[in-house]
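Student: Chain by chain, the residues:
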Amino acid sequence: MLISYNWLKEITEINDSEEDLSNDLTMIGLEVGNIEKVDNDIIIDVELTPNRPDCLSHFGVARDIMAFKGKKFINKYYDLNFSDIYKTNNVPDIKIEDLALCARYCGVIIENVKMPGTPVSGTPVSGTPEWIKERIEKCGFRSVNPIVDITNYVLLEMGHPLHPFDLDKINGKKINVRKAKKKEKILTLDGIERELDEDMLVIADAEVPVALAGIMGGELSSISENTNTILLESAYFNPVSVRKTARKLGLHTEASHRFERGMDYNGVVPALIRTIELIKEIIPECNITGFTDVYPKKNGLNNVNFRVDRLERITGMEYESGYVKNVLINLGFELEESNKGVFNVRIPGYRPDIDREIDLIEEITRMKGVDSVQVRFPVVDLGIRNKISEDDIYDSLEHAKDILVSLGLQEMISYSFRDRSVLETDDSVEIENPLDVNTRYLRKYLTPGIVDAIVRNVRNGNRDIKFFEIGKVFSKSDNDVNEKYKICIGITGSRNDDNFRSFNKEVDYYDLKGIADAFLSHYNIEAKYRVSDINFLKKSIQADILINDNISGFIGQVSKIILDKYKISSNVYILELDFNQINDYSGSFGKFRQLPKFPQVYRDLSLIAKEDINAADIIDEISQYEYVNEVKVIDIYKGDQIKKGDKVITVSISYLSDKKTLNDAEIDDIEQKILRGLNKLNIKLR
Amino acid sequence: MKHRIDEILNEARSEIKDITGPKQIDDLKIKYLGRNGLLTEVLKSMGKLSPEDRPVIGKLANQAKIEIQELLDNYKLDTGQVGTKDYFDISLARKIYSLGNLHPVTKIKRDIVKIFRSAGFSVMLGPEVEIDYYNFEALNMPAEHPARDMQDTFYVKGGCLLRTHTSAVQVRVMEKQSPPVLIIVPGKVYRRDDDISHIPMFQQVEGLLIDEKTNFGHLKGVLTYFIKNMFGKDTKIRFRPSFFPYTEPSAEIDIQCVICKGKGCRTCSGSGWLEILGSGMVDPAVFDSVKYDYEKYQGYAFGMGIERIAMLKYGINDIRLFYGNDIRFLNQF
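From first to last, the protein sequence lines are chains R and F. With my numbering as the guide, the letters of the first sequence map in order to residues 1480 to 2165. With my numbering as the guide, the letters of the second sequence map in order to residues 8 to 340.
Misleading hints may appear alongside valid ones.
[As the list claims (entries may be wrong)] In silico SDA-like links for lysine to any residue, alpha-carbon gap of 25 Å or less: (1) 30(F) / 2128(R); (2) 2017(R) / 1943(R); (3) 1963(R) / 166(F); (4) 2007(R) / 2129(R); (5) 36(F) / 2133(R); (6) 1727(R) / 127(F); (7) 1661(R) / 1717(R); (8) 1574(R) / 1663(R); (9) 303(F) / 1821(R); (10) 121(F) / 1878(R); (11) 195(F) / 74(F); (12) 2070(R) / 1943(R); (13) 1866(R) / 195(F); (14) 2152(R) / 52(F); (15) 1984(R) / 41(F); (16) 1819(R) / 1782(R); (17) 1866(R) / 186(F); (18) 240(F) / 1848(R); (19) 183(F) / 291(F); (20) 1866(R) / 127(F); (21) 1550(R) / 1850(R); (22) 2111(R) / 66(F).
[Said to hold, decoys possible] On the chain F side, residues computed to face chain R include the following (Cβ under 8 Å): (23) 110; (24) 180; (25) 189; (26) 223; (27) 256; (28) 290.
Quick caveat, the hints were computed from the structure, so don't treat them as lab data. Fair warning: this is a prediction, and the values are worked out from it, not measured in the lab. A virtual CB, placed ideally from N, CA and C, is assigned to each residue, including glycine.
Just chain R, same shape as in the assembly (with noise of 0.2 Å):
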């Protein structure tokens, strides 16, 4: 809302500088956002929240800041009577159909109405004095003709939207205000033909709709160098069905704003005969001839009983009854004290964002300065935890996070909106009005946002990348929608920085798996791969990964397929789990074991083994002898003097007994054991 430093200096007869007064706005509550110079004025840019639909004009501002200042604005407008300044004889005919949406309308009829030098209406008009023109051309609005330039000067200065009718063109010279038609049509003052339906409230005439009410009058009857007769248009609309109809019709106009947010019945009439003045004042020849004020239920005022006792245990500060007086009095409310510090407050018609105690004590403390309110440090009940928590949730997904870092992983979060990727199955959640094609879906896998970032961060040079991301993923089940918590980590790159004498090797699977490995052995579990046949990982580089049997996420090379879509050709490897399960399979490290009193013994095997037994099953099968402590895969090899379809691993095997040193010939003999079992298994020593 711009509002002028000079018209707003001249009604409240305030004498600060701008910068005071913007502080002073600011600080009750109208925050003042952009201060400008033009020519000789400053305007001031007030950020209005969408409950203060009073302060939507220079007098609502200036009642707001001179309350502030200990001083009442008056209105002289507010309580005058039209019939009282104008005799006419005429009564328009008005009828209002629908009263739940149009609670009054009063309509003015003036003749002889010619607009002093008017060309073509459109453009700008000599025929609006230049103080009119001024003020609202500095306050955002177009100069138009004498008669709109008006209606917009008391829009500014009093807040209620008028709207002038060219009466010769009205049919019929009747209005009937009452919901559209099926299929009717107007053509709006912008230019674009509207088709209308049976919720939106129009003014119409004996045959068509000429106005939006509340919104936007008609082209066809709208004011122009040619208009004779004018009928003047003040009523109060009904907030939501101007909301709702200017948003089916993606309109927002000044007349909107302010209706949508709750105009005054009692600001109906003021605002008439403010405008019937101005334009008494510009047209002195031109008659008020006809007046009707159609208001069959009036709208009672809100009674509203006020504790100063209740403001005080809300702010935790001391009130005088005089002072809660005096500022509710400024604010234009009325008040008898019905009890000592209680108070039954008359709530006037422009305030109609105030129903409630609570309302008032917001008044009061706004005006009195929050800041004025003292800062309280309570001292904590260290007893006092709420009742329920999910701290255990938090922190166990923090921990996680921490696991990752020290594996050498950086943190990424992404959005989790996605296109339907080839991940996605029907049970994806769908979004209705999603920004763009490529976030209509939320994400069921965090993989493809890893890989995503994997690909923007390699095609801006940077190719060593180790990525993980602890997130929600959502899918539907019959009509809920269920969210829980993945770990997805994605690598490519470097398997270390590029350094002098580290002779830099690329990240493979393997190195996946010892992170995988790692992080879950930080957890107790024990984990069991398998091959998996996924779509969108390498054939026979993935595995299921299962947890207790269940299959809890998957580990893999990213497939060529998805890879060259993106047009990279680095390898990306993936792992995907569920973070449920590792808070529920998550062990406890058990008792404590004596140290070992006696020395391991290392011995290595070689072994020939068929290309596809898994040096997982060898290890579990030498695992299971007596002593054995350890078994690790230390190389494996395929090629030169081996035959096709064989490799050989070398094991490294640490024996170890808690009652002695275990000797050659001991050794010799479980060895011979270990190899008489694996021989079962077609594994043979080299």
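Use these hints to put chain F onto chain R, whose structure you have.
Tutor: Quick look at chain F alone, frame taken from chain R:
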């Protein structure tokens, strides 16, 4: 045999000293320690030795193996033997260990949660897909209310929506328990907004405290406590009235612009202040929704955007960088 081991060891030492490139390391490893390597052959032929000789020779052979292995592993071009006149550059390092790192939003989120936990708040998380009732209606934002304009919503087919603020969780918690309530809710929220200063998904931390005596002064107190801990104890703070449908009285909290120190600049649009928090006393309409007795209980709620706090603390100037996940951005924090 012993003689042979010594021979091999000396030869290895000499050849390793002359290494000029990485391939040679591999070659030498194969030559001495490979399947048919010189030392390996010696080890293999230990079977021919007498049982008395075996342990001694075995020990020597293993020692030689370890030494050769170590020399190869720790190969440094620019060191010579101990006591040599060769220059040793102490400024170099082998960068094997690459450190992992948290996302800056996670770091700030943890800082915020930590401060409020120290004041007694417990963490609640809540679902990201919400129903209209918890996200709007129960928070005094009925359908068609202009206040809803302040938040453009993503709707999910089937009737749910993506939560536009973490405030929805407040209602869920209050429905499940009676006061006192003392919670903070960090989490992702979604708004249909995508331009130079808005992203469709961002993160908030919301707080709620309800008991029988907490007032506006305590609200100022806890937020002052938070700001001083987050931004420094000399931070200038400003509370000013505002409007939210679910709090009354409401206030927005500004800190003095970290860039211009209050003089006015582009970052603070000339005002000298940066808005960081919204807050207020919980509106009676919300109490009605959760059936708390408004005469008996009162309390406050507050909320902040984590990215905004991160931008102020780290001097980041473009909110879109957070979820672009460019490693050159993430690496900086």
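Student: Given the hint that residue 2070(R) pairs with residue 1943(R), does the C-alpha gap stay at or below 25 Å?
Tutor: The given pair, whose Cα atoms are some 41 Å apart, is violated under the 25 Å limit.
Student: Just to be careful, I want the Cα atoms of residue 1574(R) and residue 1663(R) compared with a cutoff of 25 Å; is the pair within it?
Tutor: holds (19 Å)
Student: Measure nothing beyond the straight line between the CA atoms of residue 183(F) and residue 291(F); if it is 25 Å or shorter, mark the hint as holding.
Tutor: holds (18 Å)
Student: Residue 1819(R) and residue 1782(R): Cα distance at most 25 Å?
Tutor: holds (18 Å)
Student: Holds or violated: residue 2152(R) and residue 52(F), Cα atoms, limit 25 Å.
Tutor: holds (23 Å)
Student: Verify the proposed pairing of residue 1550(R) with residue 1850(R), using a straight-line Cα cut of 25 Å.
Tutor: Judged against 25 Å, a Cα distance of about 20 Å means the pair holds.
Student: Does residue 1984(R) pair with residue 41(F) here, judged by a C-alpha cut-off of 25 Å?
Tutor: holds (20 Å)
Student: Quickly compare the C-alpha distance for residue 2017(R) and residue 1943(R) to 25 Å and report which way the hint goes.
Tutor: holds (20 Å)
Student: So, as I understand it, the hint says residue 189(F) touches chain R; can you test that by seeing if any CB pair is closer than 8 Å?
Tutor: Interface hint status for residue 189(F): holds (5 Å vs cutoff 8 Å).
Student: Does residue 2129(R) lie within 25 Å of residue 2007(R) when you go C-alpha to C-alpha?
Tutor: holds (22 Å)
Student: Regarding the pair residue 1866(R) and residue 186(F), is the alpha-carbon distance no greater than 25 Å?
Tutor: The hint holds at about 9 Å.
Student: Hey, residue 2111(R) versus residue 66(F), does the alpha-carbon distance stay inside 25 Å?
Tutor: Holds: residue 2111(R) and residue 66(F) sit about 22 Å apart, inside 25 Å.
In summary, the structure is inconsistent with hints 6, 11, 12 from the numbered list given earlier, while agreeing with the others.
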